[in-house]
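J.: Fit chain W to the given chain G structure using the hints.
There are 2 protein chains.
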Amino acid sequence: MFSILQMPELDQVAINDKLWNHYTNMVADVIIPYQWNILNDRIPDAPPSYCLENFRITAGETAGEHKGVVFIDTDIYKWLESVAYCIHNGTGSRFEAIADEVIDLIGRAQQNDGYLNTYYTIAEPDARWSNLVEGHELYSAGHLIEAGVAYYKATGKDKLLNISRRFADLICSVFGSGENQIKGYPGHQEIELALVKLYRLTGDRKYLECAKFFIEERGKQPNYFEAEISKRNGQFLFPELKDYDLKYSQAHVPVREQRTAEGHAVRAMYMFCAMADLAVEYKDEEMLNVCRELWLNTTRKRMYITGGIGSSGHFERFTTDYHLPNASAYCETCASIGLALFGRRMAAIEHDASYYDIVERALYNTLLAGISIEGDRYFYVNPLEVVPEACMDATSLKHVKPVRQRWFNVACCPTNIARTLASLGQYIYAYDENTVYINLFISSSFSFEVGGEKAEISMEVDLIDSGNVSITVKTPTDRRLRLAVRIPEYDRTPEFSIDGKKIHTESDRNYAIVEVEQAGNQTVLMKLKLKPRWIASHPNVSENSGKVALMKGPFVYCLEEMDNGRNLSSVFVDTKETVEEYRDGSLPLGLPYLVYKGGRLTDVEWNGNILYDDARFNIEPTVLKAVPYGIWGNRKPGEMIVWQKALLR
Amino acid sequence: MFSILQMPELDQVAINDKLWNHYTNMVADVIIPYQWNILNDRIPDAPPSYCLENFRITAGETAGEHKGVVFIDTDIYKWLESVAYCIHNGTGSRFEAIADEVIDLIGRAQQNDGYLNTYYTIAEPDARWSNLVEGHELYSAGHLIEAGVAYYKATGKDKLLNISRRFADLICSVFGSGENQIKGYPGHQEIELALVKLYRLTGDRKYLECAKFFIEERGKQPNYFEAEISKRNGQFLFPELKDYDLKYSQAHVPVREQRTAEGHAVRAMYMFCAMADLAVEYKDEEMLNVCRELWLNTTRKRMYITGGIGSSGHFERFTTDYHLPNASAYCETCASIGLALFGRRMAAIEHDASYYDIVERALYNTLLAGISIEGDRYFYVNPLEVVPEACMDATSLKHVKPVRQRWFNVACCPTNIARTLASLGQYIYAYDENTVYINLFISSSFSFEVGGEKAEISMEVDLIDSGNVSITVKTPTDRRLRLAVRIPEYDRTPEFSIDGKKIHTESDRNYAIVEVEQAGNQTVLMKLKLKPRWIASHPNVSENSGKVALMKGPFVYCLEEMDNGRNLSSVFVDTKETVEEYRDGSLPLGLPYLVYKGGRLTDVEWNGNILYDDARFNIEPTVLKAVPYGIWGNRKPGEMIVWQKALLR
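Sequence lines, in order, name chains G and W.
FYI, in our numbering the residues of the first sequence are 1 to 649.
FYI, in our numbering the residues of the second sequence are 650 to 1298.
Simulated from the structure, these hints should not be mistaken for laboratory data.
Every residue, glycine too, gets a C-beta built ideally from N, C-alpha and C.
Be careful, since some hints might not be right.
Derived SDA-like pairs: lysine to any residue, alpha-carbon spacing no greater than 25 angstroms straight-line [as the list claims (entries may be wrong)]:
1. Lys301/G / Thr1251/W
2. Lys597/G / Asn1189/W
3. Lys1246/W / Leu647/G
4. Lys1150/W / Lys1180/W
5. Lys1047/W / Leu241/G
6. Lys636/G / Thr969/W
7. Lys398/G / Glu1038/W
8. Lys597/G / Asp1262/W
9. Lys1180/W / Ile610/G
10. Lys597/G / Ser586/G
11. Lys242/G / Glu773/W
12. Lys531/G / Ile1259/W
13. Lys242/G / Asp694/W
14. Lys1225/W / Asn1189/W
15. Lys1047/W / Asp393/G
16. Lys529/G / Arg1265/W
17. Lys597/G / Arg1265/W
18. Lys716/W / Asn233/G
19. Lys950/W / Ile610/G
20. Lys1050/W / Asp393/G
21. Lys832/W / Arg777/W
22. Lys301/G / Pro1051/W
23. Lys1225/W / Gly608/G
24. Lys242/G / Pro696/W
25. Lys401/G / Lys1047/W
26. Lys1180/W / Gly608/G
27. Lys891/W / Asn233/G
28. Lys1047/W / Asn233/G
29. Lys716/W / Arg232/G
30. Lys576/G / Ile1268/W
31. Lys1225/W / Ala646/G
32. Lys1225/W / Ile610/G
A few chain W residues that face chain G, going by a derived Cβ cut-off under 7 angstroms, partial list only [to be verified]:
33. Ile954
34. Ser961
35. Gly962
36. His972
37. Ser977
38. Glu1038
39. Thr1044
40. Ser1045
For reference, chain G alone in the conformation it holds in the complex (with noise of 0.2 angstroms):
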């Protein structure tokens, strides 16, 4: 218990597939460089996004007005975040000298109290604190802290982790139980996370005892926000947020108490994130039982099949169990991130591979289906069935954009995308001193020290066709190596064998243990099976009842409209039919189709223009073809459906 696995640094893997580094390549060759012109207000038909101007403004180089969400500073320190990690994976050194300017500019912005923040400076500059419940001072600080931390890590510059340290010093003198203190906590949590970041580069407790704070205040009676409401008279800074409840932001009970994921998913998974890193520090069972009961909880009756969470538009939080929505789902790309961080963690500190189904199936479905093959167009709300016309302004899917956009005037998403795919490394491999931990099956190269010399592993990987996943371990030869590799939900018993012998594994919570022991240059090659599966929900899940949805390996697939016509509500699908793969080119990333035979309620026998009448169903058979979730809206717009009703017989 608390033998945390280590993650690897991001230098020492390499990603190589051909998948993923579509998108990780992305990072530096589009996706940082069209940001940074968001972020400078230079795209054109993109909403305006004010973030370097206001700290432009609050440096006093400019005059004006703070322009955007209050939150607007973390834009760019999500975006330092991505080029820290794209230098530390040797793929961004280019954008080393324009972060270096920014970095200095966000020091001028800096108060000489360590305070930073270009929303309170400008326009309330008397009201520091005084909304924890909007106003996102913390989160914006946390985002701060973890850029800090990432950009010290990748080029050893500590000038952003000073910036971000006196901030934190002055948070961790202003917030706490001491008599002269705030017993507040964030609106927003993210900061916590930020902070344990924090403590373990500089070994300074106090920000892991702040963290802990924030944590075990949070929810208390008397309640924080409720005083700090009423103190405002109930005004409140966004409109909407006079629906306001503690829930919404996890504050309805102590952390401790909760035993259901509630409330705003992205808030609620950065704070489960940091309940689990402060169960290890502190060696907390208690926390981590929590921990393990919120997973559960999230995963098992609050998820959609695409690893995406928060059932309703309103409030982008979770509902109740089973309550899973698929046209007006709200699914965050970011709280998808942050289920995965939070199963990341949740692995390293149990050891436990299954984790890992879940962080898998976020990132190969919600989070790619959260960017554009192109790199530049994002989905903020990824719902599971679109009707395009449905997604009406004004109405009760306005949150749902049936076509990704250029950016958001909340536009947390698009960033967080990116630090994601920078530091995807950091998913693929784990160790602790005895074994590499293969998590996810990405093709790439993790190099690392065995008893103080040089080792590697490589992994060529093909999920989508074969199922082979071969893995060769270089290490000095009079050295063994334990591999724990996992074994995914798709298939329990993949075989193994090592230079072409098949052999026998014992499995430990869900990864298969492989001695390597003539080390040297081996290779172990796991086959996985991985034939297209029909899966259904839960009996419980009223809004899939009689539905089924198309699996393969981790991939979700899903029906569009320019393959399969307009009303896929109407689409039957018979299970008992073979499902074929087909390419014929047309896919991004020369992705499959996977093609099958079903029926299609059809207006033949219908009336007229009737609206209502005596029941007459006539199914005509007709094949369908279905795409990777992660990559549809990419062709053509259209209707997208990813449950199909199933004929049953």
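T.: This is chain W only, laid out in the frame that chain G set:
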């Protein structure tokens, strides 16, 4: 064309129906006294109304601030309209003294120039007419006028009529195309149809012309609402209106160019009513054509099977063709009342009974669902599928209440239900100089004159079991009478007989024409075949693909949890099996269940708590018991579903 059918006065119709008399009697016995207590803030566990208190403050008789929504005045106006109808139909004379008192109070709250609005007079006396988008002054005036007209007709007393005329006179002078007049129109339509009523009663054409001005000006360029909003710098009284768009209040294009039902459903219906009224008064064929198209778009593309309208919870509005989500539907009770009012007008203009198929559907299903069997709890929102746990505050389903409520902060529906029930007689019969039209099959009698002599029709109906509609005609012996009896959509070929002798009838625009040759005291019997029918939706209604709803006559049936267990989405029905009627006295009003065989997906083979797994469907046979939608939720709280999956074979 434009020989509009007349409605009876309410003292001409006496309702004597097993089902409907429960509700119509309740208006005077329960609803009016209950709502009087509400409007006086005397029901402790209901949200306070403040309605009458605001009038007392406005009249200077007590001190205080305005409380409640800006259109709260309309609650007492609609209450008075209900009282007037009850006095007129003979059930409410005991309320006359109290109504006179409240009319006096209203008179004392009227300003010297005729202006009457408690919110603006108390809270923003200098801001009259400055916020037509939200202020509801004209909407409130409309309900005042309707009450004034109704009270005069019922009692002959003209005090309320004169109050409303003074206000109407002011409005007619303030608004119009003249040089010093405001070229605006109401944010919430209602006054237009009220002004036509006032014109019809008084003969003063300026009221008609003002109604026409409001309707014709609406949506023209430059747009009045856009100008008004920009004058207020985009500040809204209602924070949620930051999303405001012109379609919301049907002001996006001139009404003559509108072809689809858009925006807030109640506003749309009240506007369509006024357009139909104006088409008649001005013999305006073009306007009538627009009404026809709007009727068809509403009822053939955007209406739930229950006669509910408004697919979006956000903004209580229409969305797009065939988009009819069941669980998140708005289906405001008032909107269905508005649909019935519109349909009644169109039927009267076109002499076409098919409009009453929709009117009847709205009354038997959504109107009845809007009120509890006891009369003191109400639904504002009427979804077609409810899982109570999912109807959470601060989520996308926050508008859905799974149980009827005592009252609402916005309480338009309860008083609207009351005035509709109290005036039900005007939906049953209509007439012109040659013919009496029977539109609804509700046991009742209708007294009228033929050539100066008294005549009476009495109708005995059994619309639940036998389908017999027995119409006894009493006329002076030398008179013939032409009866036009609606042929309803659920039996296009009813059998007719006179005094036991089968007759052949011609039909004209969905009325069967029966010439009662030997007048005196004859009985026409229409035998309707009322077999239970499985109904499907147009194949484009994606929400209902492969699903059926059960109807018998005008009753839509639904399944409730207390009869059928939880997870009603997992139910499949076998439409080939017989539907049986079953009565055990447990349903309100002695109504029968409909009982049929089906299947239910179970978790027998499901893999524990796993959320997604290989598809295995286990359908167990089950027997299902359906109840009329209009009475759902009157026994125990729980799930409810209208559209059930059909086993397609």
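J.: Hint numbers the structure violates, sorted upward?
T.: none
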